[in-house]
Structure formats: structure tokens, C-alpha cells
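For chain A, the structure is supplied; the task is to place chain B on it using the hints.
Protein chains: 2
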Amino acid sequence: MPRNVLFIMADQLRRDHLGCYGHPWLRTPHIDALARRGVRFEQAHVNSGVCGPSRMSYYTGRYPSSHGATWNRVPLSIGELTLGDYLRGADRRVVLAGKSHVIPDREGLARLQLDGGSELAALLERGGFEEIDRYDGHHTPGAESGYPAFLRSHGYAGADPWSDHVISAVDANGQIVSGWHMRNVHLPARVREEHSETAYMTDQAMRFMSRVGDEPWVLHLSYVKPHWPYMAPAPYHALYTPDQCLPVLRTQAELRDAHPVLAAYRESEESRSFSMDECVRTVRPAYQGLIHQLDDHLGRLFEHMDRLGVLDDTLIVFTADHGDFLGDHWLGEKELFYDMVQRVPLIVVDPSPAADATRGSVDPRFVESVDIVPTVLEALGIERPAHRLEGESLLPLLHGGTPAWRDSVYSELDYSFKQARLRLGKSPQNARAWSLRTARWRYVYWLDEPEQLYDLQSDPDEMHDLGRDAGTLTRRIELRTQLFDWLARRKRRTTVSDAVVERGTHAHKRAGVYFGQW
Amino acid sequence: MPRNVLFIMADQLRRDHLGCYGHPWLRTPHIDALARRGVRFEQAHVNSGVCGPSRMSYYTGRYPSSHGATWNRVPLSIGELTLGDYLRGADRRVVLAGKSHVIPDREGLARLQLDGGSELAALLERGGFEEIDRYDGHHTPGAESGYPAFLRSHGYAGADPWSDHVISAVDANGQIVSGWHMRNVHLPARVREEHSETAYMTDQAMRFMSRVGDEPWVLHLSYVKPHWPYMAPAPYHALYTPDQCLPVLRTQAELRDAHPVLAAYRESEESRSFSMDECVRTVRPAYQGLIHQLDDHLGRLFEHMDRLGVLDDTLIVFTADHGDFLGDHWLGEKELFYDMVQRVPLIVVDPSPAADATRGSVDPRFVESVDIVPTVLEALGIERPAHRLEGESLLPLLHGGTPAWRDSVYSELDYSFKQARLRLGKSPQNARAWSLRTARWRYVYWLDEPEQLYDLQSDPDEMHDLGRDAGTLTRRIELRTQLFDWLARRKRRTTVSDAVVERGTHAHKRAGVYFGQW
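Chains A and B, in that order, are what the protein sequence lines are.
At the far end of the first sequence sits residue 518, using my numbering, and the numbering has no gaps.
At the far end of the second sequence sits residue 1518, using my numbering, and the numbering has no gaps.
In short, the hints are calculated from the structure, not lab data.
Keep in mind it's a predicted model, so treat the numbers as computed, not measured.
Think of the CB as a built atom: it goes at the ideal place given N, C-alpha and C, for glycine as much as any other residue.
Computed beta-carbon distance windows for the label pairs:
no.	chain 1	residue 1	chain 2	residue 2	range
1	B	G1158	A	A507	21 to 29 Å
2	B	P1216	A	D448	35 to 43 Å
3	A	V500	B	L1456	36 to 44 Å
4	A	R106	B	L1255	51 to 59 Å
This is chain A alone, in the form it adopts within the complex (with noise of 0.2 Å):
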């Protein structure tokens, strides 16, 4: 059983731009070993294309309609139990060094008078991690990061460091200028690349582990890159041409009679930078600089764990909460059903002898966010609830077991925030789609809205939504059909274990109540 469990994100990283997911210019050897040691999952898909929602899947095992926090804005409910409950029950904890994005629910809290400032309290507003440093990105940072502290003591003055240096660059002309802006993000970042945010928390992670010494520890360690402001400090701003980058995948035809819900995201600003090409080629070379850093750091941080003899006895999982469209689809940012926004890397290594066989294989089974919560509870040996989760643990994979496998996956938007809801005069209460991905199919069932439909087998960049033909109708039905069956299957029923159900199936007369005889 593996000592430690080492949980890496990184904010909207792309499954393809990483080159043991087979980018063919953009360097990760420090990944790629990562993934030589254990198991690469090329059917890795996350249950929301958003921040928050695919985070609090990947913290509580459960899928968006299930745990409630269906975007970013919204409060992940205190009745919903995460990795953290679960370990804290075994008398371990989590620890958190960057971002989770957890919102607290505090009008539960106030509601159970839980708003007192407990230690329990402080636990459930953030989601059951202990944070050693939250920094949850793209803001300034506050008080519960040492990010904007650290910036000063390394003379980066100012009321907000953070927005001065960190995301921002001097152009041509002497001026300065911001990262908000990605016309500006060729140029290098004002911060010193060992004070960037990668570094600096990376640094977080290596100084744990050092102080932990002996004790066993779950530690998720959370990026805030390459997500935007997608301005990278020197040398990774420059690391790459825009010749380096994947192709923008888009069609002209794309644009025709396109489903009202792309056309209303379409007309967002994000989408309508990224539809020039001029920001397609600036803003992907300062991407890939971001995750080359990124892949540099864990090299870092790898290197430091060996020396603290720790890496054989970690079980260590990386992936990503989504991807990014950059321009493909016609798109910027996430949210929607695309391969390259819900399809996000994953290698998980168990240093357990079992795993010996699996190492550095690529699985082909679909997995989901889910599954990570279940995975790392059965690593540690720690009881799993079936009547709360809603993944399946890794670990007979990673083992080379062959069970019965899922063979689709399942992904949910709530873009009531949005506006493109505002666009569509949707209500807070029907702005919302859920995904079916198959091997052979993308299904999307919108409230109020058409459905979508992609042959992945003949269309593999699902450009030809074929929601609205006629001849679809019957497979429609099929696929309609299916995703019902498994949204009616979802894990409402959770103040129950299974085992009390068992035992109190058909158990009126042990309780002294004798109905129905005659």
C-alpha cells in the first residue's frame, strides 16, 4: 500500500499538448517519465467542462447533478462529503497547496450555526482540505495564499504585485502592459520565472514534504497554469514559434446553421478573439511555454522527492480539470462537449508491486474525474461508500485486471451564468446540457434546445453536428435512452449505506411490525 498520495492538477491543460499525448513540438519529458512509471489513460474524460463543477466531481466522486455545484460560482453544499471527510474518518488528512476552487456553502453553514469559526467550520469551507496555501489563480491572490507576500519579499512592490508583475509585460515601447490582454502575451511576464506562480507553489509542495518528515500524506497540489492570463515569464515565453503549435481546428462550415447554444457562445468575447488568427498564434506558443514550465517544475519536484525517498512509496495521480478550446470550434475558454475541452491527460502511478505489470502502458478504458476519489480510498485501504460515490476506483486497472468496464462517459453544463444565456432568454432554471461520449458517439441533451449528435468514427474532430438530421432520429432514441438510464441511476439516496439497506431489506417483523397476514 502506497504511503503517500501526491494529487497534481493543472488548470485547463489540453490532453494533446503534452508530448506523451503526441504533441508533436512541445517538450514534457518530465511527464512523459512520469507516465513511463505508471499508467497513461487515453479515454480520460472529466464530468464538467468548467472549473469548479469538474473539481468538486474529482473531490467527492460525484457527478455534477450530484453533488450540486453545477459552476464555478456556485457553493459546493455541506451536506456533500469530499476526499477530505473520507480521509479525515480514516484519522488522515488532505492538504491542499494551490487551487480547488471549492466555494463555501455559507448559507448552510449559517443555517446548522456552523458559521462560528470552528475548526470544523474552517474545514467545510474549504471543501475538507487543510490548506497549506489556497491560491485559487486568475485573481489576486488573498490572504489565505503567501503568493502576494512572497512577491514582496522579493521586491516586487506595489498594492497588487500580482497584477503589476506577475501578469504583466513591458512592450515594445516601454509601456507597461497586461496579460488580460492576450495581444500582449508574446512578450515575458514582469515576475522572475522562480517567482512565477508555478514555481512558487511547487516550492509550497517540496517544502511539505520536506517538513512532514515520516508521516504518511495526501497532498493534492493544484496549478493554477496553464489557465489564462496565459502570460508565461521568461525564457517560456518564447520557447515556442507559432509554426510549434497544433493546427486551429475550425471549419467555415461550421458556422452555418450552427446549434443556437455554440452560435450564443460564439458571439462571446473570448470566442471572438480567438477566431482571429493573429490570437490563435500568440496566445498557443505562451500556452505551451506555460505547460513546458509546468513539465520543468514537477521535474523539480520529482527530483526532490526521490531525494527524500519518498517517490516509491507515493501514489501519485496527474490530470487536469478541462481543457481549452483556443480557437478550435471557433471557441475560446471551455464549457462545451468537445474532445479537447472535456478530454483532459491522466497518469496515475501505484508504487505498489501489483502495478509492476502496467507500467508504462496506455489504457484504453474510458475514465472519468470521478473515479479519482475511489481510486485513492482503496490505495489507502480506506472503506469506499457505493451509496455516495459514483466512480470506480483505478486501482484493478492499474493492476491489470480486466473487470467490467463502463464503455461511455458522462459530462454535464450549467451555463446559466453564462452570457450566452442571456443571449438565448434563458431562465437560471433551464440553461443546462448533459454528454454521452461513447467510442463512437457524442451526444449532448440540451433543456429547451436542440440535440447535438457527432460520429466520432467518421468525424473524429466532431465538426458536423448531425443533432437535427432526420436519419439520426432512431440512434438519437438510442443514445437519449442511455443517458436517461444513467442520470436515473445517479446517487441521491446518500444518508444510507447499501449494507443498511441490505439489512433492512424485508425486515418489518424484526421490528415488531407484522402487516399484510392474514
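Relative to the frame of chain A, chain B by itself:
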């Protein structure tokens, strides 16, 4: 605005077992008079045919898939808000006399360190009710009810006066026999009528009303009858002959090629008992006697309210948590999706002048258990949180309005705790079903079992299951899609209100986040 709310529930009361709902022999003059003072709903349906989940839908305004308490032994999560929570937010309390069937979420309370016996914990354990006298029935009453002491004070001696007197009788041989054996329920209970459960709980309600004086109140008066044990005190045990009961509704054809779940339910003891005509002819008169008795006590209660001067100040809801097969369809008990279980009486009297136009009318629109919380909240002028509540206020209907209204009702079943699950060899995770009922169709989707479909136009008694007929495929697909769409709309994003979503829509720049800018 009404000062008070009286929410009366009968347990296991069939809609067709009231005079005003057309029973040809059963006399319920006081309930009929109530219907003349208000609106009688022709198509009132529960959201589950089982006490616990049905009641939790009445108390939370949410469907079982949303509130999660899917069967009798499943605690209501402390994360769910009830009528009591909503009223408390408006400085009102809701008191309970009788049955609530709320099971405390002890695991949830312990996790949040709310098991210390605080006033809050007590309310959470009781589903938000302040209990005057909690009595869930069909068990020996516990310390939460004064009924055992009341019985003893009236001379019913022994360790268990309920079992020995209230549900026992003396047979022709002078032997004491139990009402748990349905063969005995033609006999009078060994309790005087004025000491029976229905009399006792009516007294509790009357005393409460006298005691509170001018303070406005919300009272849930929740009778445990006519639920089994079906033993009625004299003279009610003998008011009706078998010939004054509704004919049993069942055909031999139903038993041929029956749906697997129905077949499994029919093998249970209660169904086997009720498949005997003798059982039907013994139980139905007693069941009618218990209803007649309930009506008499409601007459006493309404007279008391009139004397106190609160009758014209009080919103009155009268309904049931579900019906009873009583042998129909070769079944005993309830749970399954047939009208005699799912369709219940519902009478609402709104004392306000706005409701004068509808007094004595019959409303044919589809209403559901989840509508009660929104109705009570609107009647009392309390905000209805649309992001949690899944029902609609009936007030517009009571006031003669014709708002856009639903054309279907939904009900759910979790039979994990039932012997039928064991007979079918299923797990606690796939013993579930969902029913959609329109004016024309009853459609049921079962996990891993065939669909059911009844054409209520040609088959109002639901005798011919068309769910496996190839000829109904198109119709089933249409209804299945409608059911899926309904399930997809369940309100799972409960930690933010719609107003917060509206304010937070497309708000990133206001929050200092400028992604997507070129």
C-alpha cells in the same frame, strides 16, 4: 392572508373512499362539508406511493430524487430544508401532532458535530417540526408521544397497552386476538372509541388550538389512520357490510405475463392475503369504519375551531400520503404506480375573500404533493425559494386563476428495502422506478426491467400493460423522453438562489477578471 394553517394528513387514505369523491356508501359528511367550503382537487397525485418519501415531498416541496429520502427507513438529509425551516426563517413555527415519518440523519448530524442535543439539533432531527405529540403509528408508541400514558391513565394496563388493547380484540371464544392478523379486524378493538388513536390526536390538536390563543399557528395534524393495523373501535368496526364496499378491482388476465416487479410484489405476504376474497371482505369494512371515525373527529375539530373563532382565519389542507390496494390488482399495501395508490384526496380551504369564487368547486388540474409547501408559503406571504422548491403554489388556482399549468405528474419508487428486490435478485442500487402520468397515459420507467404503459382512455382501471407491446414503441419513446426531461430539470443546484445567479451572470469583469480580451 390567513392567520393560521391547518395541514391535515390521513395515512393510507384512498381518494375513492370519501363521500365527496364518490364513494357510494361511505359517509364522510364533515370532509364533504370541508370540500364545499374550499376546492376539491380531482387529480391530486403523490410523488411516491410510500409513506416516508411521499411525506418528505409534502414537507420539502421536492421530489424524492431531489430530497433523497426515497423510502421509509431513509433519513432526510440535514442538507434538505423543510416547511419548518422556511417558516422559521419568517419567525413562524410549525407544530406537529401525529405522524411525520421523519427519520433523523444521525450520520449527517454527527459529521457536523450537531449531535449534542441543542435546540437546533432537535429541530433538525424532527424535520423542522416542533412536536406537540409525535406519533408515527403502527408501532408501540414511544416516549415522544403521550399516548401510552394516556392509555394507562384510562385503565389500559400492561407494558404495551397499544398492542394489548388498541390493536387487539376478543374473539367469539373469548380469546384476545391481534389486529396484526387481518382475519380479526371485523371485531371491535379493545379500546373505547374516545381512547383510540384518532380521538387522542384530535384532542391534542384541539388543546393546542385552545392553548395558543391569539398567536398565529401552523399545525400539521397527521393521523395514523386508516393505515393498518385495520382494527377499528366500536361502533366503527361494524358500520359497513362487505356489500357496502367498493368491488375489488382485479382480473385473471392481469396475472398472465405480468411485469416482473408486479409479479414479485404479488408474491409478498400482504398480496397473498389480499388475493383472498375473504380478506378483502374483512378488511374493507373496517377500513371504511376507520375513515368514518376520522370524519367524525374532523367534525369535532372543525366545531372546536368554529367555537374558537379561527375557522374563518385558517388555511386548511386535507390530504393523504398515498392510498391502499386493498386487494385491487391482486396487491396489498401500496408503493406501486396505480391510481388507487398514487391519486389521493386533496381539499384546500383558503379563507381569504380572493378564494370565494372557487368555494365548493372541483379543480380538474394535475396537482402534486410538492405543491403544498409553496402553497403554504405563498398563503403566509413568505418567499418561495424557486431554486429549491419543485412544486407550484395552488393559490392562483384557489383564486380562480388560469396560470400556465402542468399536464403531467411524477412519482417515484425505491423498492430496495422490499422483499420484491430480493426475489428479483437486484442490488440496492437498481431497484428504482419513475412514473409519468398524463390525462391519457401512465408510463413507468424501471431500472433494468421492462417499461409499463397504460392507456387510461381505453383502460381507466390500468388493467392492460402495453409496456412490452411493439406497437406502443413510439408512444413509449415520447413519454420516456418527457420523463427524462423532467428528471434532468430536478433542482440540484440548491446553494444559490436564482436571483444570485442572475446577479452573477456575465459578471466576470465586475469581479476584476478580464479573460478573452484581445
